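Student: Sequence:
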Amino acid sequence: MTHVVITGTGLYTPEHAIDNAALVAAFNAWVDSENEQHAGAIARGEREPLAHSSSEFIEKASGIKSRYVLDAAGILDPQRMRPKLPQRGNDEPSIQCEMATAAARQALAAAKVEAADIELVIVACSNLERAYPAMAVEVQQALGTSGYGFDMNVACSSATFALETAANAIASGSVKRALVVNPEICSAHLNFRDRDSHFIFGDACTAVVLENSAIAVADEQFEILGTRLVTQFSNAIRNNAGFLNRVTDSDPLALDKLFVQEGRRVFREVCPMVAKLITDHLASLELAGGDLKRMWLHQANRHMNDLIARKVLGYDPSETQAPIILDRYANTSSAGSIIAFHLHREALVEGDIGVICSFGAGYSAGSVVIRRL
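Numbering follows our numbering, with no gaps: position 194 of the sequence shown is 194.
No lab work stands behind these hints, which were simulated from the structure alone. Here the structure is a predicted model, which means the values were calculated and not measured. Any given hint could be a false lead.
[Claimed, not checked] Just the calculated beta-carbon pair ranges, DEER-fashion: (1) G226 to E36: 56 to 62 Å; (2) R310 to T231: 22 to 28 Å; (3) N235 to A29: 30 to 36 Å.
Here a beta-carbon is modelled for each residue, glycine too, at the ideal position from N, C-alpha and C.
Starting from the given sequences, assemble the full structure and let the hints guide the process.
Tutor: Have a look at this one:
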């Protein structure tokens, strides 16, 4: 029987950081400008005044204190309030490819693997900067990997869905080594003028190397004991940007072409779905919540993670047992659970069991149960 192991991870963090205070200052400046511009309509009762945001509101609602982004100046300009990224020519590396290769090289070094030994590359993230050619094929060329590559989008669950796909490819014998990368530029599809969501996202990229255990030589290895995925259609998290916008005469700058969610509904519906996924998955492996030393959960909202972990474990998790990175990184979509795994696994010893779990739009959720070797 082929055993699949995770042998290396990598993390690309953009150089620009925005704390809540700076983000709120830009948002409130825009609000004041809008309210002043429409003062007459507001006075006549024809228009509701826009409300200020606050650092306290953001941290209480989400646990987020700051985020990393590819560009801060454009986001913090009240006249723009979106990143300003350079347009690149076809002969230049794409932005997501650069992010992916930076994270991938770290993961390859940790795994003690040469790029040419990778036979499968999966780029899995919530939004891709182009339709084709596949980003994974560009990453394949940039790194010098062999075999093939393809892209995958399951929103915030993309990483765990890609891990299962890569693990299955190795278990079947079609490849010996695979690379999963998650280049997330979430700031580019966030509405920074929406009080309820302007603080949610950040940018980052993660990478994971998976191998057949028989050939793995990394100092640190985690065996994949099992994977499980679930989807259930919902419009509660949605982004209507797509190639048909131009032929349906839809406004490409309309707000529905960005991230839109019904936050309370998502909380109410997703938390029990994810907790059930994990507990059922553990039971299928003859394990229980009490066997988990770590829960590396999707980093969208601290309250969601606390509730899910409490349902799975049966008690309130410690900071060590269910680590939080969203306070510093915000929601980095598919990269979040892998960032948590990358940064918070150092104290695990041989035999310790943990779960990587991501969840989000779709709805979708994925569980990857691993054991430290």
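Student: Next, verify each hint and record whether it holds.
Tutor: Results for each hint:
no. : hint                     : verdict
1   : G226 to E36: 56 to 62 Å  : 58 Å, holds
2   : R310 to T231: 22 to 28 Å : 24 Å, holds
3   : N235 to A29: 30 to 36 Å  : 32 Å, holds
In summary, the structure agrees with every hint in the numbered list given earlier.
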